[in-house]
Amino acid sequence: MIVKRRNWLTHIILIALVVIILFPVVWVISTSLRRDNAAFSTKLFSSRVSIQNYKDLLFPEQNVLRLMKDIEAITTNTMPYSEKSFEELVSKFDRDIKRLKDYSNETKMLIEKTDEEYQTIQGFIEDNSEELLNSLKENAGLIGEKLDVKKPDDSKLYLALNVLLKEGIVKEKDIDDFFDLQIVKDYEEEWKNNFETLALNIENKQQNIKVLEDEVNSLKKELEEYQKEYTRISSIIRSSILPQFESFEKSLNTVLDILNSNDGSVRAIVSESNEKLEFEKILGYLEELNKVKLTDEFSEFSEKISNLNKLANEVLNLWENYPEKYTSKYADFLSIIRLFILKASKQLKESVDLMNNFSNVVENYLELSNLINVATKKLEKEKLEYETLKVKYDEKVAELVDANRYVFSLILKDDILSFNEKISKYTLPKDINKTYFAVKALGRSLNDYLVYVDDENLKKELRAYLRKMDWAETYKNFKKRYERFSKDFKVFVEEFDNYVKNIEEIGPNAISSAKNGIKIRITALVQLFPKIQSDYPAKIASNLSLVSKYSADLIDQLPIKGAKESLKMMDKNLFRIDQIWKEKTEHHLIRWIMNSVIVAGLVAVITTLVNALAAYPFSRMRFKGRKYGIMSLLLIQMFPAIMYMVALYGFLSFIGRYIPILGLNTLGGLIFVYLGGIAFNMYLIKGFYDTIPSSLEEAAMIDGATRWQTFWRIVLPLASPILAVVIILSFMGTFNEFVLARIILQDVDKYTYAVGLWTFSTGPFETEWGLFSAAALIGMAPMVILFLSMQKYLVGGLTKGSVKG
Amino acid sequence: MKKFLKIVGWILLALFNAFSVWGALFLFQKGFYELSVTFFVLIVLIDYFIFNRKSYPFRYMIPAMILLFILVLYPIIFTIKTAFTNYGTGHIMTRQEVVDRLLTDPVYTYVPKDAKEYKYEVFVRFDGIEPTEDFKLLVITQNGEEYVMGDIKSVRMQAGQMLLGEADLEDVSTYDLIREDGKIIAIIEDGKTYNYFYSPEDPDTALNEVFFKSKIGFPILSKVEIIDLEGNRLSMRFSDDGTLRLKSIRHLYRLSLAEVIEKGKNVIKTVLVNDITNKPLLEENGTFYDFDESGEKVPIMGYISYVGSTNFVKIFTDPTISGPFTKIFLWNFTYAALSVLFTFAIGLSFALVLNNSALKGRSVYRTLLIIPWAIPAFISVLIWRNGFFNETYGIINKFIVNGILNKESIQWMTNPFWAKVAVLVVNTWLGFPYMMTVSLGALQSIPDELYEAASIDGASRYQSFWKITFPLLMTTVAPLLVGSFAFNFNNFVNIYLLTGGGPAIPNTSTPAGATDILISYTYKLAFEAGRGQDFGFASAISILIFFIVAGISFVNFRISGSFEEVNR
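Protein chains in written order, with numbering that gives the first Met the number 0: chain A, 0 to 804; chain B, 0 to 567.
Chain A extracted, bound-state conformation:
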């Protein structure tokens, strides 16, 4: 008994877990069958089911727009019709025109049917007018019952009324039915004492804050400019001026060395002109630089400058006192100093300008940031004061919440009474607009009341009553939209018929003219394109999709069931109309699956054959390097295969120039690259060979068969089951590969299924969940079935110590 109960519990837990775990699968299936756009829906599942997503992906219908494009291709005799004969073209043209007409007729019939259904719904509403309106009244009454009408004491009540009036939440005419305005006036004094100054203060503070914020922002903008300038100049100093100064320092040091040693044994002719003057100029620059104040960040730089200054002074000193101005050394000194001056004077002059500019920037920067600091502090203070005032005010208002609630409950009660009175006079569907406005007004005053209700549950309950009245709005919109749609669309189809007639008449002429080399685009067709491509979605489809949505909503919202069938029929018909007329994107799913099957199939067969061959000696023969062969194969597979693509990408683009089918962006190239993953299943095949008794081969070899023959005729046929398994396994592995395909393939129609599905989940398709999930399911169903049927081998292969986990 106990055991049984526990089993039962286990089952429940297991089922719950399985449901949670498989939820993604359930979601994919249900989403792929949804007719609405699941990404934007508020419901997890929908009852509006269709297989349109699958149709669009697998058997795309040639709808109106596609037929028109086809006709254009026929009449201008372009691809894919450029090679067809005149008769073929005309007959194809006739067929297309006929289908266009069929579509037009189908549409007309659908509209007729929809009109009928619409009339049925109108009739239904008319028949049940009283009952529907009663349900509105009932809900309004339920709201009325839940109202809290406890009267607070007068002082609070009238103070509250004053606050409401001053804040503009209610107007005098709203409350003069319930309260004596004179008494309200009497309490104005008390309001002044309690609230007026506070309210004024708050307003003042708000203004102050705004002014200050503006000021801070403009200052910050200015500061940013200086910040930029500062970073610019400091980078110049670091990267170019500082190194130069270092070289100056070196030069000066060299010069000093020369000046310090005055061994004048060799004489030379020395021509000295104005070098000293120039050098003094440099000294001037350096002194000027020395005066510039810099931030601590540049202490190294300042040191460098003062050092340079010192050095230069020393040089000048020694220079003036140099005793032997006729020696070769002095000549050398002069030639160095001349070059130095040449190098340094321009540079230093620029540096002086830059540094002056820099100190300006720094000064302004500091000043500005001070200003900002001051302003920010002020702002913070104001904000703080504002907050305290606001809190004070709110506290005072909060004391009055009971009184407020009372006031609004009175107003709401009165509104409910007048609502019921109004509604009683209406009949549906004639007065739906009036009904809608009445409901809307009731909703507004309920929301006013709910502001002062604290009890969340009560709030929820009251809102729920209001929501039960939503059908009035939905129905009003439904009616308005459908009538507009029906009128517009009939005109639209009529015009379309005229265009088609025109095209039909001129078509054969255009074809024969195109055959003779004079290609024209039929004017009617040219004009028809924008009608379908932009007029239809803008004028018709917008109303159509709204009607669809409203009819689905009405099924849930209408308090009396019974119109469900008609609404559903309408929804269905409208959906079909949209499918006929709307512009549909072209999908390549079939192409992608074909590509995947070709690639995966070829790769599977080739790698399995190569593997079957290579695994044989490992199983049957003893040779040097047998152990290390397998070991290195296993190790090589550890190398991140993605990186192969750096090398192979270049190779493929190169080889593609000589052998186009192996190039980049071709399936051939992809297959070629996939063949690199050969070693994965060798181990599995070798394991199977091991189980085949070698006595068979020995017998054959005694009969004179060669090694090769025993392999080809005996081992391989015996191993065919495992080869089949390996083929399927590597087929699945290749089918599921994404990364390499993504790198190699670029054109949409060359994608494999994996890359294609990926495009369905990004960019414009990100929210097209219907298409995405349908495409995912199409790809995953066969793979799941294959996997489940191959379970045994997979598990065996994986647990056998193979590397793939």
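In case anyone wonders, no lab produced these hints; they're calculated from the structure. If you're wondering where the values come from, they're calculated on a predicted model, not measured in any experiment. Not one of these hints is a red herring.
Here are the simulated PhoX-like pairs of lysine-lysine, each with C-alpha atoms no more than 20 Å apart in a straight line: (1) Lys209(A) / Lys380(A); (2) Lys406(B) / Lys42(A); (3) Lys395(A) / Lys191(A); (4) Lys191(A) / Lys204(A); (5) Lys80(B) / Lys313(B); (6) Lys342(A) / Lys296(B); (7) Lys204(A) / Lys377(A); (8) Lys184(A) / Lys172(A); (9) Lys53(B) / Lys623(A); (10) Lys406(B) / Lys459(A); (11) Lys397(B) / Lys42(A); (12) Lys118(B) / Lys182(B); (13) Lys389(A) / Lys377(A); (14) Lys395(A) / Lys155(A); (15) Lys170(A) / Lys184(A); (16) Lys626(A) / Lys53(B); (17) Lys458(A) / Lys439(A); (18) Lys478(A) / Lys563(A).
Position chain B relative to chain A; hints supplied.
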């Protein structure tokens, strides 16, 4: 018959050898040095296997070896080589190619101050009323002599497109001309008529300017150098008024001998010299630099050069790289370890429940629970990302977080913590069926007698699990856990498709993201051009990955005795 087959075989082998050697040489000539060497090694090995009787077993492996050498070994060698270079955006071509480019590409030309300018008129063949790109160019020199541009000879091609072409001027009298008031209005050659179409001086043809510029002038003529009788080179260049003019041009760079300091020695060698400034270009870190007027270095073009171990060193020393790299490295280990832990914990729990033979329908449960494994991983990941973890539309945010829990939406893709949670949830979902299956297999191999004996000795269920089940289970499952760790360590598809490695880690110089693992980081470095590709660095990291994973697996093989199995 046998003899005949043998002869055919030898001939085929000879042909194969000849073809392969030719291919290898061809590849060598085109700059695929590693591949060419691979080819040679392959040919030698294959011939050795065929001629040497002792190596008979290897003959079976020849097809596998060909594929392995070209598609696996060569890329590995290439990657190892690349790891020591700066190959990547800005350093795509070899030095020779870059020099060629600088010497020939029309981009690197200039119009000298004393440039000659010739007038020209364009004549175009018409197809019906539509002009075609078949044209003739009439050139009128400054002395008023008329010439027609001859056929364009392509001087240098790159990637199938003409980089530079040359054409001579031919005397106008060699063509049939139609003149009206002395002005040529049509040129006839081989029965084709070229009508007067455009001239920048003629305002009547201004209508045709757009066609000329976009179809003929810019794409074709600006790449052609016309050599006049004096040897001047002329080409189409935009002038200040926006029209194309035929001006004499000079190449900006030329080869010249110069004395340069290299490794502290003065060396005389060929260098590129700027034709305007006459200064030689500087070569540094695999890049050519020119100097602008103020003496600043301006990089012109980079080439692939060896950088030694820079790529490896910068992983550890460059703070903008080593910081995120450490994060990625740690997360990579955490991710793999947690994936194994979660999948194993859940898988084992299910296995323990399903191992009860009294439980009805357990094969149904097993099959259902295996489905997450059966669905191709990339499909599952896309479903999870698109339907479940999408921040705005995803049903986890929309129905559970906003709906039931009434909380703010969780930022699955932009908050590093939640992105990591998402990645782990999906990976656990994908991986637990494997662990379940494996554990089930292992559990079934534990003999029941052990439990019977334990229960007789009075062991509780808890005790018998920890003392009997778990130790015995671990002996078979432990190597698989390590294997699973190694697999998850490189589980690229999951990360890449779910979060793309995002959200990005701030303050780094490489495209590192919070959920990136080493392999996805490598992929982004190498293939996502957002911040420029860096093959060298990516290769360095992939070598690191190889050593980590190979190390783990090697230990694993030792434990599980896979190598001994080979010897059986």
